[in-house]
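Assemble chains G, X and S onto chain Z, guided by the hints.
Protein sequences appear in the order of chains Z, G, X and S. Counting in the working numbering, the first sequence runs from 1 upward without gaps. Counting in the working numbering, the second sequence runs from 1 upward without gaps. Counting in the working numbering, the third sequence runs from 1 upward without gaps. Counting in the working numbering, the fourth sequence runs from 1 upward without gaps.
Think of the hints as simulated: they come from the structure by calculation, not from any bench. A few of these clues could be false.
What follows is a set of in silico ranges between Cβ atoms, one per label pair, in the way DEER data are often shown [unchecked claim]: (1) Lys188/S - Asn235/X: 53 to 59 Å; (2) Pro266/S - Asn307/G: 17 to 23 Å; (3) Asn17/Z - Tyr213/X: 55 to 61 Å; (4) Ser292/G - Val220/Z: 50 to 56 Å; (5) Val302/Z - Pro266/X: 27 to 33 Å; (6) Ser275/Z - Asp208/X: 48 to 54 Å; (7) Leu154/Z - Lys183/X: 29 to 35 Å; (8) Thr247/X - Lys321/Z: 28 to 34 Å; (9) Leu15/Z - Arg145/G: 48 to 54 Å; (10) Gln306/Z - Asn307/G: 52 to 58 Å.
Where chain X lies over chain G, by a calculated footprint (3+ residues, C-beta under 8 Å) [what the hints assert, rightly or not]: (11) 110-121; (12) 234-248.
Here a beta-carbon is modelled for each residue, glycine too, at the ideal position from N, C-alpha and C.
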Amino acid sequence: MGKPQKVTLKEAAALINDGDFLTFSGFTIWRRPMAFCYEMVRQGKKNLHLFEVNGGTHTEVLAGAGCIGIWESCWVGHELYGKLGEALAAGQIDGSIIVEDYSHGQAVARLLAGAYGLPFIPTALSMGTDILNPKYDNLKKAGLRDGSNPKIPLKKYDIVHDTLYDKGEILLIPAANPDWAVIYASQIGTEGTVRVFSQRYVDVEAIKAADKVIVIAEEVVPEEYIRQEPDRNIAPGYAVDYVVELPWAAHPTGSQFNYDVDADFMRAFYQASKSKDGYKKWADEWVYGVDSHEAYLEKLGVNHLQNLRANTVMGYSTTMKRGTR
Amino acid sequence: MGKPQKVTLKEAAALINDGDFLTFSGFTIWRRPMAFCYEMVRQGKKNLHLFEVNGGTHTEVLAGAGCIGIWESCWVGHELYGKLGEALAAGQIDGSIIVEDYSHGQAVARLLAGAYGLPFIPTALSMGTDILNPKYDNLKKAGLRDGSNPKIPLKKYDIVHDTLYDKGEILLIPAANPDWAVIYASQIGTEGTVRVFSQRYVDVEAIKAADKVIVIAEEVVPEEYIRQEPDRNIAPGYAVDYVVELPWAAHPTGSQFNYDVDADFMRAFYQASKSKDGYKKWADEWVYGVDSHEAYLEKLGVNHLQNLRANTVMGYSTTMKRGTR
Amino acid sequence: MAKNYATNYKPNDLLAVASAREVNDGDVVFAGTGLPMLAIMLAQKTTAPNSVCIYEAGSVDGRPVDLPASVGDARCAWQASVAAGLTEAFYGQLHSGYVDLGFLGGAEIDQYGNVNTTVVGDYSAPKKRFTGSGGNPDINSLARRTVFIMVQEKRRFKEHVDYITSPGWRLPKWPSGEFVHRKEVYGKFFQGGPSAVITNMGVFRFDDDGIMYLDTVHPGFTAEQVKDNCLFDLNISRCQGETERPTVEEIELLYNEVDKEGIFLP
Amino acid sequence: MAKNYATNYKPNDLLAVASAREVNDGDVVFAGTGLPMLAIMLAQKTTAPNSVCIYEAGSVDGRPVDLPASVGDARCAWQASVAAGLTEAFYGQLHSGYVDLGFLGGAEIDQYGNVNTTVVGDYSAPKKRFTGSGGNPDINSLARRTVFIMVQEKRRFKEHVDYITSPGWRLPKWPSGEFVHRKEVYGKFFQGGPSAVITNMGVFRFDDDGIMYLDTVHPGFTAEQVKDNCLFDLNISRCQGETERPTVEEIELLYNEVDKEGIFLP
Numbered sequence: 001m002g003k004p005q006k007v008t009l010k011e012a013a014a015l016i017n018d019g020d021f022l023t024f025s026g027f028t029i030w031r032r033p034m035a036f037c038y039e040m041v042r043q044g045k046k047n048l049h050l051f052e053v054n055g056g057t058h059t060e061v062l063a064g065a066g067c068i069g070i071w072e073s074c075w076v077g078h079e080l081y082g083k084l085g086e087a088l089a090a091g092q093i094d095g096s097i098i099v100e101d102y103s104h105g106q107a108v109a110r111l112l113a114g115a116y117g118l119p120f121i122p123t124a125l126s127m128g129t130d131i132l133n134p135k136y137d138n139l140k141k142a143g144l145r146d147g148s149n150p151k152i153p154l155k156k157y158d159i160v161h162d163t164l165y166d167k168g169e170i171l172l173i174p175a176a177n178p179d180w181a182v183i184y185a186s187q188i189g190t191e192g193t194v195r196v197f198s199q200r201y202v203d204v205e206a207i208k209a210a211d212k213v214i215v216i217a218e219e220v221v222p223e224e225y226i227r228q229e230p231d232r233n234i235a236p237g238y239a240v241d242y243v244v245e246l247p248w249a250a251h252p253t254g255s256q257f258n259y260d261v262d263a264d265f266m267r268a269f270y271q272a273s274k275s276k277d278g279y280k281k282w283a284d285e286w287v288y289g290v291d292s293h294e295a296y297l298e299k300l301g302v303n304h305l306q307n308l309r310a311n312t313v314m315g316y317s318t319t320m321k322r323g324t325r
Numbered sequence: 001m002g003k004p005q006k007v008t009l010k011e012a013a014a015l016i017n018d019g020d021f022l023t024f025s026g027f028t029i030w031r032r033p034m035a036f037c038y039e040m041v042r043q044g045k046k047n048l049h050l051f052e053v054n055g056g057t058h059t060e061v062l063a064g065a066g067c068i069g070i071w072e073s074c075w076v077g078h079e080l081y082g083k084l085g086e087a088l089a090a091g092q093i094d095g096s097i098i099v100e101d102y103s104h105g106q107a108v109a110r111l112l113a114g115a116y117g118l119p120f121i122p123t124a125l126s127m128g129t130d131i132l133n134p135k136y137d138n139l140k141k142a143g144l145r146d147g148s149n150p151k152i153p154l155k156k157y158d159i160v161h162d163t164l165y166d167k168g169e170i171l172l173i174p175a176a177n178p179d180w181a182v183i184y185a186s187q188i189g190t191e192g193t194v195r196v197f198s199q200r201y202v203d204v205e206a207i208k209a210a211d212k213v214i215v216i217a218e219e220v221v222p223e224e225y226i227r228q229e230p231d232r233n234i235a236p237g238y239a240v241d242y243v244v245e246l247p248w249a250a251h252p253t254g255s256q257f258n259y260d261v262d263a264d265f266m267r268a269f270y271q272a273s274k275s276k277d278g279y280k281k282w283a284d285e286w287v288y289g290v291d292s293h294e295a296y297l298e299k300l301g302v303n304h305l306q307n308l309r310a311n312t313v314m315g316y317s318t319t320m321k322r323g324t325r
Numbered sequence: 001m002a003k004n005y006a007t008n009y010k011p012n013d014l015l016a017v018a019s020a021r022e023v024n025d026g027d028v029v030f031a032g033t034g035l036p037m038l039a040i041m042l043a044q045k046t047t048a049p050n051s052v053c054i055y056e057a058g059s060v061d062g063r064p065v066d067l068p069a070s071v072g073d074a075r076c077a078w079q080a081s082v083a084a085g086l087t088e089a090f091y092g093q094l095h096s097g098y099v100d101l102g103f104l105g106g107a108e109i110d111q112y113g114n115v116n117t118t119v120v121g122d123y124s125a126p127k128k129r130f131t132g133s134g135g136n137p138d139i140n141s142l143a144r145r146t147v148f149i150m151v152q153e154k155r156r157f158k159e160h161v162d163y164i165t166s167p168g169w170r171l172p173k174w175p176s177g178e179f180v181h182r183k184e185v186y187g188k189f190f191q192g193g194p195s196a197v198i199t200n201m202g203v204f205r206f207d208d209d210g211i212m213y214l215d216t217v218h219p220g221f222t223a224e225q226v227k228d229n230c231l232f233d234l235n236i237s238r239c240q241g242e243t244e245r246p247t248v249e250e251i252e253l254l255y256n257e258v259d260k261e262g263i264f265l266p
Numbered sequence: 001m002a003k004n005y006a007t008n009y010k011p012n013d014l015l016a017v018a019s020a021r022e023v024n025d026g027d028v029v030f031a032g033t034g035l036p037m038l039a040i041m042l043a044q045k046t047t048a049p050n051s052v053c054i055y056e057a058g059s060v061d062g063r064p065v066d067l068p069a070s071v072g073d074a075r076c077a078w079q080a081s082v083a084a085g086l087t088e089a090f091y092g093q094l095h096s097g098y099v100d101l102g103f104l105g106g107a108e109i110d111q112y113g114n115v116n117t118t119v120v121g122d123y124s125a126p127k128k129r130f131t132g133s134g135g136n137p138d139i140n141s142l143a144r145r146t147v148f149i150m151v152q153e154k155r156r157f158k159e160h161v162d163y164i165t166s167p168g169w170r171l172p173k174w175p176s177g178e179f180v181h182r183k184e185v186y187g188k189f190f191q192g193g194p195s196a197v198i199t200n201m202g203v204f205r206f207d208d209d210g211i212m213y214l215d216t217v218h219p220g221f222t223a224e225q226v227k228d229n230c231l232f233d234l235n236i237s238r239c240q241g242e243t244e245r246p247t248v249e250e251i252e253l254l255y256n257e258v259d260k261e262g263i264f265l266p
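Next comes chain Z alone, as it looks inside the complex (with noise of 0.2 Å):
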């Protein structure tokens, strides 16, 4: 154990391996590690084996440029902004992408599980649907259940009954420990404390459930500040390994504190996710087509920025246009 070790995007990004088995921070399409998941289209990795306690827009990025292989989650969307996941939908329509579905609740008990070292955890959230239907467990279709793939359980879940207070049929619901968590957080300290803003999300669970961590921080700052109220951090210094320090890495999802989602560029994404050739375009233009995330950030240009601009006291953008009104 020890501090993490400070890299570029391009070296942290690098890291990963096609085939490796990844989680992210944030929720939809909040605290995202955007600049980290582009940075992986750029390096073409392939195959990844995604756990998500749920997707957003990053998700569909990485989709339509054919990263992944395996997406275990629950759901996939841009909110408001864009109401399915149409690249990943088209993956799992076309084979291509292997969709496992457990529920948002499930999902938390697989990651917190694997946060606690334990091997499941019991939950009575979704009996009784299809999410349970052994005919569609779709890993153990594609015979990976054989327990070849340490990371991938032997059963979709387990029911047992409950011997201790004699409640009936409870389900287990396996632990995920992926290989790399890849989290954008607001601050980090100058040995590796971490810190969010408002809700945490899965954050917290999501670190300690994976075996090497990715911090992506919005900005470093003194140890002793980030130390001075220690009840407000979400990971000590030892529990991460690599940090990255680059401003607006979680754009166009918004990051509490720090700036809103983008929603007319997210608006425009998805509208290109409909389609292999609108993706393309859009990559063309905002991914292939800027080397770098300090270009793409001027691509977007200072006033567009700023006007997603958190206000410092309500943690949200109050100057940008939201409705019709």
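Relative to the frame of chain Z, chains G, X and S by itself:
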């Protein structure tokens, strides 16, 4: 659900019936609802069933007065200021208290499962110890694992084979869901949002696990204030049933950022707790001999309490003499 | 005082208002993005001032002054009682038993209240993929009551949904897949289930056998029209008449306070 | 530079110093109140500046400027990286697999490193009750190495402890109670186990069969004297000689920085 009801200390303690199942906030000699325990002693509660992730000075006050029937926990003592839980030990030895031993981590699992509405949580902690020796299951020996008391699990624990990852045997630890959680907290909002400072111990879990919650708060603060940093709060108002506002209510235990542990008072209590006569004499002076919390504080005196007052930056007393130098 | 009913309102306005009326004062409500959010926020400003809202990203009893665009939004946590994460929302609140009411949406529903938000067609060779379950089935598992807010279209109200994403009143019990009553699946974890479905045409409830029936029909529609917009044989015999219209005050609150920027109600 | 060894020190000073030397730089250490706390804090000021300490009340990598009197003390959380609770300490850190080294105490120990902190005599009719397990067996379950700091008395070093509170190298496997190697009890959860016992007379380690032997003897004692202070037949054949003495610098750090108020070292 709704906002908690404001009551007096006497009214709050009167809610507890003989035989009720209780748990408390705090950790060994920190943030214990001492004033409430004194009042339970004055009201002559009997046969209380306690689940405690760990015990402390409050446990000993109750044990010495003969209030405890069953104690499920892992540890009791006064840390540096009194090595053992003498009154509890005497009760176990003379058979007046049924003691059920768990490990600390197993006790956490019990409360965590209770908090999450799960019948059990798995753990690999403390396997292969005599805590699991079937001969030493004291509730079973007392015939109390027959299902007639829904608060007592049918088994002390279970052992299952992990079918999800084939990791071998693991324990299942039953939930604990006490009738009451009695929580000492530093702050409560006018609508019941609860805050503690520094370590949270298992206070979050205790509030969720219990059917009813009484909060003894050092101070009531404006709800708008406590909601300005919601990531620092441990429970919403609808999770709290009754509130007592009572400064110094944790004395002689400490409360971070309020006051430190009263070491001299605790040492004197520990000495007294070594015999029934000693306890009686002590209780005659400090419990039965004062008819209110205010009288108890007056008896302690201003300068004695001022010396315990926490430095507002450090969170503990920087004026009291602690060692020999 | 007689209520001052609005004469001019849009279908979504009535949906939001009718949904808000499902909230009892003091309810702990677990809501999703969009109309569910409008419904709970309107209820808090009208008949249920002591109700509180949990969002699955981890905010508990937030008091947004600006309408959140999603449940992960910073706006959800403004003046919240607790801001934590998903483990808190799903296990510390929902599985713990605090939630009285869940507000949910769906793409397809069947007569037992089973909802599909996953695929169209055979799951193993789908024609179309939706977003997936999200927290819908979880909230619907352990909230004491759930209300679904949906668009009424014939193809969405089916005898059997293509995929049971969210559990209604009659369900497959795995591993056998035998259809049984929800109580048999949830055993001692049973807390309740779907209590209402609110569409742009009417309000539906469930009888003791867990079968959907029409409770009230929205102004401008007939019970028969609603029945014609279901693929299953909808019971309209218990229809009590017309759904109560939105009041002028409710519409004003919706447009001037709840969604003052015109995000969900343009 | 030659080390400047102290000529005047107390038994507890050597205990603290010898224990501190068990910490590898970068170790994540889970420690209890008292000597374990002194040991990790001294190590951080000497040979293991990058080691960090977790206390079971929920502080992670605290940097106390005043010595905590217990692990629940506000002093533990000063300049901590994370301040949370017991679920974080036991599950988020320990069970999660972060902990390299546990520092523990005990009332009785046997030749396999099984430790008793619960009762004297038959558990069902005890002569004396100790504090109970606390986190001792948990830390000892899943830390990669554990070091016990104990008082050497003949009655405390037993062939079999009266009650196995904390798991050593040979253990009962329940429900049968058959004694097996620790690896068989912990299966794939096995991470390690007791690596040293440090008393006021010597430093003990465990051989491949999980049996305790004397590694070094403290200055002023002989291996035979240590053996005479055990009820079991202690293997002294592997004794490497004398335990390294405390240096003047270490003693000064202990008295002037770690425990400057004289709480554990009066």
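Against the structure, the hints come out as follows:
{"no.": "1", "hint": "Lys188/S - Asn235/X: 53 to 59 Å", "verdict": "55 Å, holds"}
{"no.": "2", "hint": "Pro266/S - Asn307/G: 17 to 23 Å", "verdict": "21 Å, holds"}
{"no.": "3", "hint": "Asn17/Z - Tyr213/X: 55 to 61 Å", "verdict": "57 Å, holds"}
{"no.": "4", "hint": "Ser292/G - Val220/Z: 50 to 56 Å", "verdict": "54 Å, holds"}
{"no.": "5", "hint": "Val302/Z - Pro266/X: 27 to 33 Å", "verdict": "30 Å, holds"}
{"no.": "6", "hint": "Ser275/Z - Asp208/X: 48 to 54 Å", "verdict": "49 Å, holds"}
{"no.": "7", "hint": "Leu154/Z - Lys183/X: 29 to 35 Å", "verdict": "31 Å, holds"}
{"no.": "8", "hint": "Thr247/X - Lys321/Z: 28 to 34 Å", "verdict": "29 Å, holds"}
{"no.": "9", "hint": "Leu15/Z - Arg145/G: 48 to 54 Å", "verdict": "52 Å, holds"}
{"no.": "10", "hint": "Gln306/Z - Asn307/G: 52 to 58 Å", "verdict": "54 Å, holds"}
{"no.": "11", "hint": "110-121", "verdict": "holds (count 4)"}
{"no.": "12", "hint": "234-248", "verdict": "holds (count 6)"}
Hint violations for this structure: none, all hints satisfied.
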